[in-house]
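Just so you know, the protein sequences line up as chains A and B, in that order.
With our numbering as the guide, the letters of the first sequence map in order to residues 1284 to 1747.
With our numbering as the guide, the letters of the second sequence map in order to residues 2 to 720.
Accuracy of the hints is not assured; some may be wrong.
With a straight-line Cα cutoff of 30 Å, these simulated DSS-like cross-link-like pairs (lysine-lysine) come out [unchecked claim]:
(1) LYS682(B) - LYS1508(A)
(2) LYS1659(A) - LYS1360(A)
(3) LYS1360(A) - LYS1617(A)
(4) LYS1610(A) - LYS1360(A)
(5) LYS1497(A) - LYS682(B)
(6) LYS1610(A) - LYS1659(A)
Don't read these hints as lab results, they were simulated from the structure.
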Amino acid sequence: METRFCMTHHFHQLRPGRCDGMSRRSVLQLGQLAGLGIGLPQLSSASSVASQSGKARNCILIWLDGGPSHLETFDLKPEAPAEVCGPLDAIATSVPGVFLSECLPLLSQRMNDMAVIRSMTSPLGEHNLGTHYLLTGYRPTPVLEYPSFQTVANFQLGRSESVLPRNVAIPEYRVGGARYSGHGFLPNEFGPFSVGGDPARPDFRVQDLTLSEKLTLDRVSRRQKFAEQLARWNANVTDSPVADSPAASAPAVNPMLQRAFQMLTSAEARSAFQLDEESPGTRRRYGTRTVGQSCLLARRLIERGVRFVTVNQRGWDTHEDLYTRLKEGYTGAKVGVGLIPSLDLAVSALMDDLKQTGLLNETLIVIMGEFGRTPKINTRGGRDHWPRVFSVALAGGGIPGGQVIGASDAVGESPADRPVTPADLVCTIYSLLGIDPSSELQTDTGRPVRLSADDAAPIRELLG
Amino acid sequence: MPTWCVILMLAIDVDSPRVDFDTQVMPVLTKAGCNSGSCHGAAAGRGEFYLSLYGSRPEQDFDQITRSLEGRRVNHRRPELSLLLQKPTEQQSHEGGTRLDIDGAGHALIRRWIAEGATRIQRRTLHHFKFSADHPRPAAVGALVHLTARAAFSDGTTEDVLPVTVLTADDPSAVRIDPDGTVTVLRPGRHLITARYLDQVTPLELLVPLTGADPGTTFSDSTSIDANDTVTTSPIDRFINSRLSLLGLKRAAGAADATLVRRLSLDLTGRLPTVEVAEHFAADQSADRRQQLIERLMASEAFVDYWTLHLAQLLRVNGFKADHEAVAGYYNWLRQAVADDRPLTLVARDLLLATGSVTQNPPASFYAVTADPRVQAEFVSQAFLGVRLQCANCHDHPLDFWTQDDYHGLAAIFARVKTGPVIQVSRSGQVIHPATGEPAVPKIPGAGFLTDSEDGLPVLAEWMTAKTNPYFGRAAVNRIWKQLMGRGLVEPVDDLRITNPATHPELLDWLTAEFADHDFRPKHLIRLICLSDAYARSSMRLPGQPHLPAWYATAISKPLSAEVYLDAVSDVTGTRQSVSPQTRSVRAVSLAGLTAKSAALDLLGRCTVGEACADAAVTGDDLSVQLHLLNGALLNQRLADPAGALMQSLQQGSDVADLITLFYKKAYSRPPAAEELTFWKAQFRDTDQAATFQSVAFQSVAQDFVWSLLSSEEFMENR
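If we strip away everything but chain B, and leave its shape as in the complex, we get (with noise of 0.2 Å):
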């Protein structure tokens, strides 16, 4: 018997009741593989037989086995001569190979169901599947794991069903899945297992220490972050403990003063310390210093615009070709619930149910994304929901419970709403299910369909915005977890799905109640975060561990985004020059609606029209980007800005030494160590004994040292 073969070893007994083409044949397709996407399951199907994807269709399914090609597909007198056995046994050519055992066990009992009429009997419906493992928490590699999965059905029953349950590893070469179930660990770490069995997707961790310690014991009790702070332990940072200890892992101390300060300042405010705060924040004795600073940095303006831009990000106010009064009626909008901490469901709300003209009613704007109901579904699940909903347009989700009628049903809600300057809600307006070619009913993702008389908007934003939605709290509270920490409890943060559990479940699970709990407030959640330990450790990596940010042993480096960037050159330079030829703003960050065109910040890898992101950041490994900033306008005009801060410096200052630890202040938010002060006086000293800070040559050394430091990987992280 060829080795590749699929050996499918099911119980069966003579005896047993007739085959229940759901709940066994369905199955035994689905383990061989034979509905997958690259198979008969893709949506143009596979050599003219056309199954649904993964069997979410059963009904379809038996009309194409049993009824279409003239009912060729099975051969009531002959059953063992039914196509349907022949393909994948490769008796008849299958382009597909082989695909079943002519000897194993979902041969015989596909053969039994022909032999049995090849009828669709429905005698029972899977009422609850169990997917588990003996030891989920290995203790090294080589170790086994039996898996099992089980089956109660309506009738009663209960099966073992890991035969025909579809195992995947998401990284196969971290462990090896046998047919019989057991799994061996081949690399530590936490691994993730899949299984799929009928309309069920499951999956299953598994955790191996990284180290070889015995797991519990092996994390330093490193001190205090912040000696001056009386912080206790948060939750969160028990729920990042607890996960570190079973990895046995090491966690970092607490940053440094100058670190930390420049962290918060960056992350709240998207903008550098003043030296003056982070001299104060180093000289603070107070035992709240740290909350002291939060607060301050959240009542600024600069947090205001900041946390608007990432609002705006996630809103696409940079996808449509509005006027521009109404982008700025937009963002100014945008910025107003920033400033007033006010409710994100209530934000969602006011935004889904805004009608009327873009220029009056500005949130109305939220609808001038696009024109296309799919494209707004899409959207909205993508942003208020972390959810990816597109896999839903031609098949159920694959890796999820979402439907076809959940997309469809999404953007038929979305298909009433008439866009353009007015937004208008209408009693027309449809969407074509593809699966049925009829206008698809309104419906509820995950919920009921619509009836007539109901409006969509209302029902959908009331749902989507209750306290117990299983997704609107979750996905906002990742997004602003790795806005501050610099990556989400689920990656990526807009694929919140069964499949893709969180790295901290339990985390993730208390701070979205927790969220929840104080009205969807962001500034609530930011100061949670922002207050742990875990936020404030040092990001220098620790001796002898592997480096794995999901886990937080060490703060995760963020690079600047564009904007953050260009607005720290400015404020380094102490320059005042605009960002963009349409408008006067020198602050990038506050760039109205984000319409604005600024060459600068386009070559330095701005989120661009149209898309959804959040992760655009400078990249100092990108060299056109590194040819700019050494060769082109961006920082040399800064720096020779006659009224700047390096040049106003030269013409003032005196002392070398001092010129130094300014810019040093300036960038890095701390003071040059001894070794670096004497390396730059050598600099200064060597051009031209005789210098005066005005002439051409100390200017010209002294504009390469802020250029240095500009460029710099220590300036261009957040780290």
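Only chain A is shown next, with the shape it has when bound in the complex (with noise of 0.2 Å):
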């Protein structure tokens, strides 16, 4: 066992076996970007930063925000007390020797293509810390929030030129007690735009992207075309007159005003969220439920060339009653329509879709939340939070399949073996990806930030 728990911060730099990925550093200048992005001198050297080690393109980040059981989806203990062991059964998947809860029957059949970890921990217990832990591979501090993996992985590819923005929320990226931006330090251009509306309402459309009435093509190019003149003036004005920032070369509207005219000009983006142009079946497939819908659209947007989603699955911050919420959605119901089946229809379609169009290889799927539930089942029939151990789950990306990493003990309470932190397994992600961990950014105020933390070393399981 490698020494992992017990660090305090002072001692980061003496530890041995670090996420240095690559032994390349490289510094990203973020200098001009702070503000609305005017100019961004360095940044199409960002590009080259992302190496060619990492199977991964896309990732797409099913997030079971409030902080899902373990115990009742990855990481049942049929053997435990009945208080521990809870209401749901264990069932055999397609890797023998290994097995998921009963309300994952179809991601049971695709175990081969998954990999579970069983023994992450953080110390983490309130929903916007751990969400910031997992989601950023750091532990908030007071001083500095910190932007997401997909945040970071979109920022490497440098200002998008497509039409699409590169990094997309689906229904919208409210985290872990919303407090959590997305995009920390880096600027919002890079963070998730969320699509704003429920895919699996009939009537679901992003809005604003429907050309209104009162406006003509015409119209939007020629306030494209004023837009940029202002623009223009305004960076004439505000910018130093440095060297280092070329003023003239760079874009002068405002990255995000620029794709709203493209977006809203473009048949193409309005199609790529048009759920109707697929086949009943297909829909059906996914699940009704906004977590299958928003799977659809997710697969829908990666063919498309989007690199990153985030479908937010809310609600399983499941203090009580957690029977009916996990599995049977309302009281009574004789299909389960909760938390977790619906879970399973729409992660399962999505495997296999991707598998289909050969993309699945090239495209990392993350399943987790903050932290897991409590051992013992709490008097409200429910689990609280609890962060020591929990599991996460990860398909796709080129990850070898058909494996169980680490393990928590008897009663899910601690890992008993190979302990995860939330900053190893982000720094896997960069890994995955291609991404060199260890290079930096920097914050507005100059401050190099490694993309991930000292501490943090790569799980090489996943890395194939």
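With the hints as a guide, dock the two chains, each given alone in a separate frame, to form the complex.
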């Protein structure tokens, strides 16, 4: 066992086995970027940082908001006392000896394409804090909000020329108590774009993406021309005439406004969000719940060049009545439509479709929430927050499937073997995406920040 | 010896007196990280070994070490075989790795303590801890600074405790701290190093000039901020300029008239200046024109509306689902306090002591935010004291002096407040102190416990609003400073603590004293700040100088909040559309009680229910906001409003240049530059040579022109 747990930050530099995937340290200059994103002199060089080593190009995060119970999903304890084991049974999977929840029959059949980490561990049992740790690999500090791994990966690609935003959240990026922005100290333009509507609703559409009847395409392009002219004048006034900021060559207009112009005038952009272009059979296969239709939309977006999607499934904070909320959906349901069966339908359909088009191998799917739940069921039939051990599942992106990494103890209370921290997980995700976890970003005060925390080590079993 | 071992060097004299657990063993455990939050200091402990966080409870830790686990952690016959030593040296498997060097002084000391019987003799207590540096103002990157940490004890002894003091850099990439206390400066700027020894946490500031030049001479003696202003350099500027000088930073010249009048108007009233006000200010030759403008703005109804919004956001008036009548009454009560420039101490006292029906006694709604006394304690400390007490719920605050007793003692005071439609104070009501399992004893934070006969709330109100309270005034000053200057002297504004010192400590002290001397009336403070040179600087970045907002070398450009932006749009377009279906109000800043629904405000990103938020700004880098501004109703409907300023101008006007100039002045408070005017005139010509003002083609160009102003950065910022 390596020294992993008892690390106070003063000792980081003394530790062996860091997350140095590669030795090259690259510093990305943020400098001018801090404001509304005028002038990105060094940004074009950023894309060269992404090395060729990772197999994954895209990453779909299925965020189980509120903290999913590991004991009802990926780490069941059928041998444990009743108050630990809970109401759900374990079922066999396509991998001999590996068991998952009875509510995950479809994913169980796809276990050979998945990896489950059962020894995730974190000290943070509050939603906002845990969320920050899981999504950034850094424990939160009052001084600095870190960017999510998807924002960082997006930033590494440099400024996007594509019509669709490269980082999208469905339905919206309201995660873990809603205090976390997603973009951290990086500019918002690299953070997640919240679609803003529920794809499961029949009237689903992205707000303001359909051209208003008061406007015409000609007027939109005229507005674009006007906005660009104002932005050019503005850049002349506000930018310091320092040589390293060639205002003339940088796109003058606010990149988010630029994208708004492009999306509004692009039929393809609108079509990307048009779920009724899918057959009724396909839509049913993903399940009619929000998470199902969100996964379907995620697939459509990935097919159209979007690189990072967050599907936000809310409601996992099951302090009470977890049987109904996790399995049934409503009391007395004949066929369970709770959180877990909905997730099962959604992710299995997503995996199947991506596999069929060959995209699964280059699309990493990460299924996780901010922590696990207490080993003992409480008096209200629920489980409370429990970060000391929990599970994360992964699929695609070239990871070796069919494996369980680490283990919790007999009652799902602590890691029994191979503890993995959120910092390790994020470090691994960077490596899978071909990003050097030891490269650095700079905050707007010039502070260099490593992508991956000093005490992070990659999960070798996943790197294949 | 493995390099990652922690080497503790302690001079141990064999003849020295018996080892004192509290002042000698505990610091070794803290230095080794045993009682940190990620190890045994976690509330749930680690491996069934529970220590208090950073050793705040020596008596409990002593018990854990010597008595629990059937005493197996210490081995009196063979001290070196004690689990307490075997584990951190990894002679037995230890999840936390090697924490103590087997040959080190820390190991030797603990071993000797066990050999001496592992007792708690309490030979001495800490009297004084001094943490200092030989050169707190190093000249440049690469300089070496030597730290010292000395402790004075009750028995008259003093010791060098640097080896057992935990040293942490706020930004480890800026300074390297070697185990012997030598600091190497890696980056220029202001850096903080925090020392932790026993229950003391002490920050130390290092200031390293940002330019290579000789500090003190580099900043330009820029011309007077406002040639027409006779304002002499205020103490504010003395403090600001002295820091700029220490850091070798130049300061910007004064902002242009148009910028300054727009800034003052937006900061004080949340509204754009009218074209007339802006023109009058530019033409005014009087020496005290800025002062006059400030007084006029502060005397306006708009000032009252706007600063009531700030107060209502601070007090989370939006945070509860009380009936609208109560919310409106509460809002009006706050509004009256702002209108009267009522001392904030009196406002706070009235709120804390309010009882009765929330509809009949509006300030009683203060207690409607939450029914949970712990949440109330956190809310009150955050809003009035600028302190985040939350940490002290589960353990003593690791970065400040707040204890669990403070947290639960304050909550115990609020536990006696019965909330609901009628607020009552009773003799019963308690919260359980998690450390004892017993009801917490009511306590004033950082001060004494209350006796049974004392009423908690009056004592609390007395303490909180006393002139000597170290937090109340500072917190208010810091918030008002941020409102006007764009950045708190302490950031975040609700995180005043020992280890988070102000960027300008003397300035914060001076402003706080000034505020207290003027009875905690906000207007005096606002006036002082707005009259300073620092307030009136240009926000344009200075060539060749790093942009570091914390030092106010240039003014900080502030994004407009959702409410201010919406009102500014209404003003420029001259429209009077209701901002919420529930009210006929056309001004977003005065939405009574903030419970009113407003889709436009929600989209623009106003404060949401139940959270304290002071930073809700319209973010131009949000794609959904941009899509809505471009394609949604918010701007398009107002631009096309037949009764609005644009369509009315087109009905009446005849000169394109006038039209362009009018909307430039309305939106930017300045006329267009020649180049700008030429460009826009050409756009109108391009539409249709024969077009009249009333033609559809001309109207659509005019709408697109004003649209582009309203969605531009210059408009969306208060710069």
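We went through each hint and held it up to the structure:
| no. | hint | in the structure |
| --- | --- | --- |
| 1 | LYS682(B) - LYS1508(A) | 15 Å, holds |
| 2 | LYS1659(A) - LYS1360(A) | 11 Å, holds |
| 3 | LYS1360(A) - LYS1617(A) | 25 Å, holds |
| 4 | LYS1610(A) - LYS1360(A) | 17 Å, holds |
| 5 | LYS1497(A) - LYS682(B) | 24 Å, holds |
| 6 | LYS1610(A) - LYS1659(A) | 18 Å, holds |
Against the hints set out earlier in the document, no violation occurs for any number.
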